[in-house]
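Chains as they are written, first to last, in my numbering: chain S, 239 to 557; chain U, 54 to 309.
No lab work stands behind these hints, which were simulated from the structure alone. Just so you know, not all the hints are guaranteed correct.
In the DMTMM-like style, the derived pairs of lysine to aspartate or glutamate whose C-alpha atoms are separated by at most 20 Å in a straight line are [as the list claims (entries may be wrong)]:
| # | chain 1 | residue 1 | chain 2 | residue 2 |
| --- | --- | --- | --- | --- |
| 1 | S | 326 | S | 355 |
| 2 | S | 523 | S | 478 |
| 3 | S | 326 | U | 134 |
| 4 | S | 326 | U | 215 |
| 5 | S | 531 | S | 515 |
| 6 | S | 516 | S | 477 |
| 7 | U | 307 | S | 515 |
| 8 | U | 307 | S | 477 |
| 9 | U | 307 | S | 308 |
| 10 | U | 307 | U | 215 |
| 11 | U | 307 | S | 509 |
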Amino acid sequence: MVVVQGVTHRYPGRRKVPPRTAVASLDLHVPEGGFVVLTGPNGGGKSTLFRILSGLQRPSEGRVRVAGVDLFQEPAQARRAMGVVFQKPALDPHLTVRENWIVHGELYGMGRRLIRERLDESLSWSDLGGRLDDRVGTLSGGLARQAELVKAMLHHPRLLLMDEPTTGLDPGSREAFLTTLVSLRRDRGVTLFMTSHLFSEAEAASAVAILHQGRLLALETPDRLRSALGETMLVIHTDDRPGLAASLREEGAGVTVTERGGAFLVSGVPEPAVLMEKLWARHGKSIRDLAIKRPSLEDCFIHLTRSSTFEESDPENPS
Amino acid sequence: MILAVRALAWREFLRFFRQPHRVVGSLAQPLLMWVLLGSGFGASFRAPGLEGVSYAEYFYPGVLLMLALFSGIFATITIIEDRNQGLLQEVLVAPVPRLAIVLGKVIGATGVTLAQCLVLVAASPFLGLWPGWGGAALLLLGLVIATLGFTALGVVIAWNMESTAGFHAVMSVFLLPMWMLSGALFPLDQAPAWLWWTMILNPATHALAIIRIPLAAHAGSWVQTPYLWAMTAAVVWALLCLLVAALQVNRVPKGR
Ligand SMILES: Nc1ncnc2c1ncn2[C@@H]1O[C@H](COP(=O)(O)OP(=O)(O)O)[C@@H](O)[C@H]1O
Ligand SMILES: [Mg+2]
């Protein structure tokens, strides 16, 4: 559905701002019916790639094909095949939900009658039933996002592109939004491509793409990403960091140790229970807690980038 | 294309009428001008070379022009607001010709501005300036062309602005001179050569002419040569601005 070939994007830079490569020779394939979540730290190039895929920006090099046509050579045809949800709200707050949808439908060449049919249809999968004639400005964040999603689906796109669509939503609305996405994919075969800096949102994806400093570090199913770290990992908080670190260094080559948030994360351990006992015997006095857990996607990410600067709970993504 | 233009213009109207402060503000302006013009503050006014023309007769078209110019250009500030939300991006990813995006904005802004101008046109009989129905039709045509041109110019400027504050700043530098050098304050033929050229290149000069001549000469005025020239110039200006606006919107920023 989306084929990205050798895409590089360099921002020209301005006075005192040097040019900057935001995406570097990227190849990416989003299969028909897939659900790809593009994740990575802030500044990794997610928004840049998103703007390229939605046709708002031309890459310095490389080609992008959407729904079988070249995005920049046959933009109208490519655009018809996609629905886009931006990070910033794209509903006019002064207009009602219905009026916003009508404007959108007409932009996509739909007549009022067709728009009305699609609206009835969308009420079956959204919670906007009683709110159609309310101004968008009066909706809660979660409902406004739903209205945005319905709008993007109004012309029945085969591909839905979303840039951090859950930013600013409370956990409940976030969950509801993702559930809706999953059922849209299941029931209509819509291909989903979404950027997110929250790894937890990638769990439902068919593939997770990790973009770091403009390069694709991985494109894998969530399960395979996790299994790269082994079945289990240890999380240790200690008061004697040098001592523990020394003991961990004695372990075999397959064992990876990362420090994050004051904790040691140990993965690739063949027999975690044995190691736990050994560490407890040696450092029991200084260890505050010692736990065993399954690797999360975030752990995989840290493992891949070895960067300790990443903040999972960053509420705002400025770009 | 037509559907898209209509939808965008319709949205522009709706959002205007849904913001009471914008509606009230834009009605108060022409009403205030009406009162000022009617109050006879310049009963002793005599423009040199224009003896026998009442002050209201002289200033009224200039005031109409001011309304069309300022309101028309400021109506396009919504482009910047649209960009700061995702509204502009949403329109840009839609499969519509880029010209439709410009026309939707221009026609919407023109409609909003014309509504304001009509409030002041309604004042003309009370100021003793009623040009008859034919003249009024020509006047309306002039206002439509002038406002289309100004809003298209507004789109060209607003497209390159990142903040509404910057837009205000640029506009306050440009708009007043444009209005003053349109002939609204002093007649064109008394200006020195350099000023004459500035004025003849100024779109507001021609906009003023196609507003003023129908008022002064009634329905038959369209056969006059100055009117035809001014109309041609105003149409060319409007088309030029539309073209530049469409080219700008068509440009997709490219990486180096
Ligand atoms: N308009 C721009 N001009 C110059 N540099 C930019 C621009 N937008 C983003 N960048 C730079 O490109 C890199 C990637 O940014 P971005 O695509 O926004 O990443 P993300 O969405 O993953 O946070 C960053 O280093 C950022 O500073
Ligand atoms: Mg971003």
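Tested hints:
For the given pair, residue 326 of chain S sits about 27 Å from residue 355 of chain S by alpha-carbon distance, which is inconsistent with the 20 Å threshold. A hinted pair counts as satisfied when its Cα atoms are at most 20 Å apart, and residue 523 of chain S with residue 478 of chain S qualifies at roughly 9 Å. A hinted pair counts as satisfied when its Cα atoms are at most 20 Å apart, and residue 326 of chain S with residue 134 of chain U qualifies at roughly 12 Å. The hinted pair formed by residue 326 of chain S and residue 215 of chain U meets the criterion: a straight-line CA distance of about 16 Å does not exceed 20 Å.
Annotation: proposed proximity of residue 531 of chain S to residue 515 of chain S holds, straight-line Cα distance about 16 Å (limit 20 Å). A hinted pair counts as satisfied when its Cα atoms are at most 20 Å apart, and residue 516 of chain S with residue 477 of chain S qualifies at roughly 17 Å. For the suggested pair residue 307 of chain U and residue 515 of chain S, the alpha carbons sit about 58 Å apart, so the restraint of at most 20 Å is broken. At roughly 52 Å between alpha-carbon atoms, residue 307 of chain U and residue 477 of chain S are farther apart than 20 Å, so this suggested pair is violated.
Distance restraint check for residue 307 of chain U and residue 308 of chain S: the Cα-Cα separation of roughly 16 Å lies within the 20 Å cut-off, and the hinted pair is therefore satisfied. A threshold of 20 Å between alpha carbons decides the hint, and for residue 307 of chain U with residue 215 of chain U the separation of about 18 Å falls inside it, so the pair holds. A hinted pair counts as satisfied when its Cα atoms are at most 20 Å apart, and residue 307 of chain U with residue 509 of chain S does not qualify at roughly 53 Å.
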